[in-house]
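Undergrad: These are the residues of each chain, in order.
Number of protein chains: 2
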Amino acid sequence: MEKRELTKLNAIGGFPEWLPEERHAELQWMDAIRSVFESHGFCNIETPSVEEVDVLISKGETDKEIYGISRLFEDREQSGQRLGLHYDLTVPFARYVAQHYGKLDFPFRRYQIQRVWRGERPQEGRFREFYQCDIDIIENEKLPLHLDAQMVLIVIEALEKIGIAGFRFHVSNRKILEGYLLGLGITDTQEVIRVLDKLGKIGERGVKEMLMSSSGMDEGLIEKLLAISRIAVPDATFLEKVAALGVRNPQLDEGLSELAQLMEGVKHVSQGRIIADLSIARGFDYYTGSIYEVQLVDFPKLGSICSGGRYENLTGAFINRRLPGVGISIGLTRVFSKYLKEGLIKTSRKCPTDVLVAVPSDSRRVLATEIGDRLRARGMKVEVYINSRGISDQLKYASKKGIPFVWFPPFEDGLSHEVKDMRTGTQAKADPENWSALT
Amino acid sequence: MEKRELTKLNAIGGFPEWLPEERHAELQWMDAIRSVFESHGFCNIETPSVEEVDVLISKGETDKEIYGISRLFEDREQSGQRLGLHYDLTVPFARYVAQHYGKLDFPFRRYQIQRVWRGERPQEGRFREFYQCDIDIIENEKLPLHLDAQMVLIVIEALEKIGIAGFRFHVSNRKILEGYLLGLGITDTQEVIRVLDKLGKIGERGVKEMLMSSSGMDEGLIEKLLAISRIAVPDATFLEKVAALGVRNPQLDEGLSELAQLMEGVKHVSQGRIIADLSIARGFDYYTGSIYEVQLVDFPKLGSICSGGRYENLTGAFINRRLPGVGISIGLTRVFSKYLKEGLIKTSRKCPTDVLVAVPSDSRRVLATEIGDRLRARGMKVEVYINSRGISDQLKYASKKGIPFVWFPPFEDGLSHEVKDMRTGTQAKADPENWSALT
Numbered sequence: 001m002e003k004r005e006l007t008k009l010n011a012i013g014g015f016p017e018w019l020p021e022e023r024h025a026e027l028q029w030m031d032a033i034r035s036v037f038e039s040h041g042f043c044n045i046e047t048p049s050v051e052e053v054d055v056l057i058s059k060g061e062t063d064k065e066i067y068g069i070s071r072l073f074e075d076r077e078q079s080g081q082r083l084g085l086h087y088d089l090t091v092p093f094a095r096y097v098a099q100h101y102g103k104l105d106f107p108f109r110r111y112q113i114q115r116v117w118r119g120e121r122p123q124e125g126r127f128r129e130f131y132q133c134d135i136d137i138i139e140n141e142k143l144p145l146h147l148d149a150q151m152v153l154i155v156i157e158a159l160e161k162i163g164i165a166g167f168r169f170h171v172s173n174r175k176i177l178e179g180y181l182l183g184l185g186i187t188d189t190q191e192v193i194r195v196l197d198k199l200g201k202i203g204e205r206g207v208k209e210m211l212m213s214s215s216g217m218d219e220g221l222i223e224k225l226l227a228i229s230r231i232a233v234p235d236a237t238f239l240e241k242v243a244a245l246g247v248r249n250p251q252l253d254e255g256l257s258e259l260a261q262l263m264e265g266v267k268h269v270s271q272g273r274i275i276a277d278l279s280i281a282r283g284f285d286y287y288t289g290s291i292y293e294v295q296l297v298d299f300p301k302l303g304s305i306c307s308g309g310r311y312e313n314l315t316g317a318f319i320n321r322r323l324p325g326v327g328i329s330i331g332l333t334r335v336f337s338k339y340l341k342e343g344l345i346k347t348s349r350k351c352p353t354d355v356l357v358a359v360p361s362d363s364r365r366v367l368a369t370e371i372g373d374r375l376r377a378r379g380m381k382v383e384v385y386i387n388s389r390g391i392s393d394q395l396k397y398a399s400k401k402g403i404p405f406v407w408f409p410p411f412e413d414g415l416s417h418e419v420k421d422m423r424t425g426t427q428a429k430a431d432p433e434n435w436s437a438l439t
Numbered sequence: 440m441e442k443r444e445l446t447k448l449n450a451i452g453g454f455p456e457w458l459p460e461e462r463h464a465e466l467q468w469m470d471a472i473r474s475v476f477e478s479h480g481f482c483n484i485e486t487p488s489v490e491e492v493d494v495l496i497s498k499g500e501t502d503k504e505i506y507g508i509s510r511l512f513e514d515r516e517q518s519g520q521r522l523g524l525h526y527d528l529t530v531p532f533a534r535y536v537a538q539h540y541g542k543l544d545f546p547f548r549r550y551q552i553q554r555v556w557r558g559e560r561p562q563e564g565r566f567r568e569f570y571q572c573d574i575d576i577i578e579n580e581k582l583p584l585h586l587d588a589q590m591v592l593i594v595i596e597a598l599e600k601i602g603i604a605g606f607r608f609h610v611s612n613r614k615i616l617e618g619y620l621l622g623l624g625i626t627d628t629q630e631v632i633r634v635l636d637k638l639g640k641i642g643e644r645g646v647k648e649m650l651m652s653s654s655g656m657d658e659g660l661i662e663k664l665l666a667i668s669r670i671a672v673p674d675a676t677f678l679e680k681v682a683a684l685g686v687r688n689p690q691l692d693e694g695l696s697e698l699a700q701l702m703e704g705v706k707h708v709s710q711g712r713i714i715a716d717l718s719i720a721r722g723f724d725y726y727t728g729s730i731y732e733v734q735l736v737d738f739p740k741l742g743s744i745c746s747g748g749r750y751e752n753l754t755g756a757f758i759n760r761r762l763p764g765v766g767i768s769i770g771l772t773r774v775f776s777k778y779l780k781e782g783l784i785k786t787s788r789k790c791p792t793d794v795l796v797a798v799p800s801d802s803r804r805v806l807a808t809e810i811g812d813r814l815r816a817r818g819m820k821v822e823v824y825i826n827s828r829g830i831s832d833q834l835k836y837a838s839k840k841g842i843p844f845v846w847f848p849p850f851e852d853g854l855s856h857e858v859k860d861m862r863t864g865t866q867a868k869a870d871p872e873n874w875s876a877l878t
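Going line by line, the protein sequences match chains Z and U. Start counting the first sequence at 1; every next residue gets the next number (our numbering). Start counting the second sequence at 440; every next residue gets the next number (our numbering).
If we strip away everything but chain Z, and leave its shape as in the complex, we get (with noise of 0.2 Å):
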């Protein structure tokens, strides 16, 4: 290839990349969210980038989102097995607990931490190549309706660990809207939850154009519909409110109930952040209970941060085992990113370095390194410069790079090793044996 230029070199559009200083700060939630996970139980797994193409879209996604991969310079049609890569972390998932049933043990409960890629038309909150943060507890037969409120305090004790504050967790149930529609007499549900879920983005007037064009419902049953997608309360009211719109269906009143229960087991830490919220419907989705929508209250237009709710059968297209389960899904690039364009993460660190060993001369080098295996030995971070160029260019370097403290060793023996406090610019003598950047 010839030389490019370096204005060439252009970023590849949905393919985010960070800058280290960047990458430190995003390291730093995922670490955060890791050590969420994990003290609540959940063990990792992994799966791989790619899965069998009729694997992607046994969950009724037929899509031009799907990215395939094959080799370059063969033709697609000699190469087996369809490849596609995954574009979220659920449906493998599923796949995983199908093929390797035997092997687990139940009630399993698992994060993943991976990226997912969808051949969408980049924009802003929207990439082609993202991580998604995923939890998911299945059972066998039955799982406690309890965990659904579990799922939702974890999910923001990990938000609050990574410094998320302005969010509001909106929750419903599926049996809700069914129940209601079905207690309205209208069978064709799916459909309509479809139109339904586009609420967000086509307003009530788009719902009710869509509503009345696609099902042919009179003004007043739309009318009906749209008042129970209205209720939106931070506590229990959400019941009142239903029963006022006077509509009775057993599905309605389980899932109310269910809701309730839901609520009920989140107010310690709700501040009027969870919102019972009958409007939201994840209409492509394949809950059955509870669902889970997450927004950034300054950033409403992002879309939701996290998602989830609770299904009844997660492997049910791939083997024949009742498995319910319930999970949320973080989109950490979508809101890191968003974070990061906003100036509201910190980015003075380029790396995590704790110590800058200064080389004051050649001749000290092997003085210097030695000093590195000693902090580093108790536990530091410690970068040894590579030369022994002038003092100020090393200060500057340790300075733009956000390491905290230099250290000096003595320019001869017999005199003292010295710190400097980066922050503060104070320096003073040290021991390496037992200085401490907390002292």
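Hint data in this document are derived by calculation from the structure and do not stem from the laboratory. Just so it is clear, the structure is predicted and the values come from calculations on it, not from any experiment. Certain hints may be false.
[To be verified] Just the calculated beta-carbon pair ranges, DEER-fashion:
(1) U/Gly711 - Z/Glu433: 25 to 35 Å
(2) U/Asp860 - Z/Asn140: 27 to 37 Å
(3) U/Phe512 - Z/Lys198: 15 to 25 Å
(4) Z/Pro300 - U/Gln866: 48 to 58 Å
[What the hints assert, rightly or not] The calculated DSS-like cross-link candidates involving lysine-lysine, where the alpha carbons are at most 30 Å apart (straight line), are:
(5) Z/Lys103 - U/Lys777
(6) Z/Lys267 - U/Lys835
(7) Z/Lys161 - U/Lys647
(8) U/Lys647 - U/Lys600
(9) U/Lys581 - Z/Lys142
(10) U/Lys542 - Z/Lys103
(11) U/Lys600 - Z/Lys381
(12) U/Lys785 - Z/Lys381
(13) U/Lys542 - Z/Lys338
(14) Z/Lys103 - U/Lys785
(15) U/Lys581 - Z/Lys400
(16) Z/Lys396 - U/Lys542
The beta-carbon is built from N, C-alpha and C at its ideal position, and this holds for glycine as well.
We have chain Z; now place chain U onto it with these hints.
TA: Relative to the frame of chain Z, chain U by itself:
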């Protein structure tokens, strides 16, 4: 899609997938490697999984091994940029440095732990998707030679930390073979080095035949060539052995001097494991000085588990700057999968959980949850069992998952909490406020 039988959900050849206990071990390896890299001042970066195909083949890899990606159901011709999955982390790193040059601080030391993809025929130690763990240090204009030894020390520290003891670190210097060939009057050094690189695969006899037919060399010259490639010693005696061959060339001398310095810089950790091995060539790579290859003593057929070297100009294909560097890559998946297969990795834990809190009855679930929260607040990883199934089932679950402690809340108020150590079988009273796994 129709429901598949469990047995039909086969693994996709070459795309490894681990059970939870295997992944737990792999993650511990990754954490250990990361901590060693970070302790030496390396920052983390990640690059997208894809690069433009032109970038991927910029080092001369014209290659059916590269996986291209394209949206399913979309004609490949239509989709502007041709994108391929990266097959190593060096090419993306070079592109990254070139693209972000003005925003990086030099010397730039980065580590990168990511999956890479190669469409090769899968076999033992050879995957289509696998993890590599790379470190590189690059600098403007001139990079001190002592870093070539540093890289060896860091990688040995990482290998030891993950429990790889039986390895051999083969080191050489590109200038030695190159200078030696020039000293013998051979000018097409690249082609001869390419052939010599096959020594491990086709043996001396195969190399002889190839050299005779391709370069038309006479047997005496070939014998002279093979003589240097037979030198492999764990100390500086390679100097005398090369001198005894009677070939003189300035580049040869430079390479010998550099290799001698490298051997001197690592001898305090060598224990006979670091070999000056003049047969290694790394023919297809762009190294210009030190070269490294690590093999497992017990599994020589596995191929190299780490490789790397020094290059004079990493970003040469992209920008007009002189950026010398030195780097090594650990082939994590190759060695991990081998160790797993050979039973050399303990996989008794399926999760990092410290304590399972048992739930003696539904009415005590709130108490169990509180205990979980209290232990978690003290830094422990805690799972509260999902229901109040029989205690023996809960114990069996903890045992199968390898959770070391089970906490029993009292059946009724006023009684004591107790904790069972699952490894010793002992059970004792405990207080959630001060109990520790270490007591």
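Undergrad: For this structure, which hints from the list above don't hold up?
TA: 6, 7, 8, 9, 10
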